[in-house]
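2 protein chains.
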Amino acid sequence: LGNPQGTRRQAGTLRGHTPGIRPPFEEELVNLDAQWVVGFVDAEGCFFVGVHPHPEMAAGYQVLPELTVVQHERDVQVLHALKAFFECGAVRRNHADRYALRIRKLECLRGVTEFFERHPLKTKKRVDFHKFRKVLRMMEEGKHLTREGVREIVSIASRMNTGNRESLQRIAKDLEVG
Amino acid sequence: LGNPQGTRRQAGTLRGHTPGIRPPFEEELVNLDAQWVVGFVDAEGCFFVGVHPHPEMAAGYQVLPELTVVQHERDVQVLHALKAFFECGAVRRNHADRYALRIRKLECLRGVTEFFERHPLKTKKRVDFHKFRKVLRMMEEGKHLTREGVREIVSIASRMNTGNRESLQRIAKDLEVG
Chain A
1402 LGNPQGTRRQ AGTLRGHTPG IRPPFEEELV NLDAQWVVGF VDAEGCFFVG VHPHPEMAAG
1462 YQVLPELTVV QHERDVQVLH ALKAFFECGA VRRNHADRYA LRIRKLECLR GVTEFFERHP
1522 LKTKKRVDFH KFRKVLRMME EGKHLTREGV REIVSIASRM NTGNRESLQR IAKDLEVG
Chain B
1402 LGNPQGTRRQ AGTLRGHTPG IRPPFEEELV NLDAQWVVGF VDAEGCFFVG VHPHPEMAAG
1462 YQVLPELTVV QHERDVQVLH ALKAFFECGA VRRNHADRYA LRIRKLECLR GVTEFFERHP
1522 LKTKKRVDFH KFRKVLRMME EGKHLTREGV REIVSIASRM NTGNRESLQR IAKDLEVG
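Heads up: the protein sequence lines correspond to chains A and B, in order. Each position in the first sequence, counted from 1, maps to that position plus 1401 in our numbering. Each position in the second sequence, counted from 1, maps to that position plus 1401 in our numbering.
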């Protein structure tokens, strides 16, 4: 795990408070089962396509897809375990007592989508995942660098459960007018 | 699944909105993988010990342990799949657009704890689970029927993440005084 000392200290503290109760040990978290990862991401994962104004991009917008998993700080070691599982991403404090694993690099997200193609999600999050994958494919084809491509991506992102619809609708309007 | 017609209708609607995107089919949800269940409950499960005033109980309180999983209505079929997996529980509307699977029967909860002993949780929820299991064992020994037993259960429940501490502290005070 990324922060073995921190994790060990936390586990020790926990043991101190709850005698006889064994907290999850690091070694159990190092090798996550694929189906455990599917179940956890089905529940806590967020496939998100961010679209941000960016004057240096030809289309005026930058497309930033990411997979995020947020946890209370008591379970930060689970995020490190997921990071190790996907061999990708960064674990950082999100806000207050929450930490987030974010996977953003395109080659990493390709690995993530290949994993969830082999091990399908079981909740309706699968529908978001398929839209997310479509955006990634469009990016691999360079479509996010054109105004028309960004318009199509914005249209897909706004039909995702995780989409910020208001913001995306403003962008869609901007791209129509221009 | 409990509501095959409803599920089928929902799937059809979904397909209509997202051509080419395959929603999770019933048959994939019928046989959940044990590790998927662990991952999902690690994320969304709640081991809860309710303690309620009950004039007909010798201790004046009734102890009601339960495992709850709440989902948005779009994923109600996942709750039915979990119910089928544990062969226990009831799926009902919780509030607004949320549904809950609740497992309350003691013989059902025994099966649940046996499952999570064989397939340990990986998050700190494991600590709550161990306290939950301790309460179940005390109930099997009839300790929840005595004032002293309820006091001990209240003390355990108030150290759980899911505990309503204020309410439990009031009960603890009441049991001390009497």
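Hints listed in this document are in silico derivations from the structure and should not be mistaken for laboratory results. Remember, it's a predicted structure, so these values are computed and weren't measured experimentally. Please note that the accuracy of each hint is not assured.
The list treats identical chains as interchangeable, and a pair is accepted whether it falls inside one copy or across any two copies.
Simulated pairs of lysine to any residue, SDA-like, Cα-Cα distance not exceeding 25 angstroms [said to hold, decoys possible]:
{"no.": "1", "residue 1": "K1574", "residue 2": "N1495"}
{"no.": "2", "residue 1": "K1506", "residue 2": "P1456"}
{"no.": "3", "residue 1": "K1484", "residue 2": "P1521"}
{"no.": "4", "residue 1": "K1535", "residue 2": "R1475"}
{"no.": "5", "residue 1": "K1574", "residue 2": "A1435"}
Alpha-carbon proximity between K1574 and N1495, which holds within one copy, between copies, both or neither at 25 angstroms: Answer is neither; intra-copy 31 angstroms and inter-copy 38 angstroms both fail.
Identical-chain pair category, K1574 with A1435, by Cα at 25 angstroms: Intra 41 angstroms, inter 47 angstroms, cutoff 25 angstroms: neither.
Identical-chain pair category, K1506 with P1456, by Cα at 25 angstroms: Cα proximity of K1506 and P1456: one copy only (21 angstroms, versus 61 angstroms across).
Homo-oligomer pair classification [P1521, K1484; C-alpha up to 25 angstroms]: Both. Shortest intra-copy (19 angstroms) and inter-copy (20 angstroms) distances satisfy the 25 angstroms Cα cut-off.
Same-copy or cross-copy closeness of K1535 to R1475 [CA-CA at most 25 angstroms]: between (34 angstroms within a copy, 22 angstroms between copies)
Figure legend: structure checked against the earlier numbered hints; hints not met, in rising order: 1, 5.
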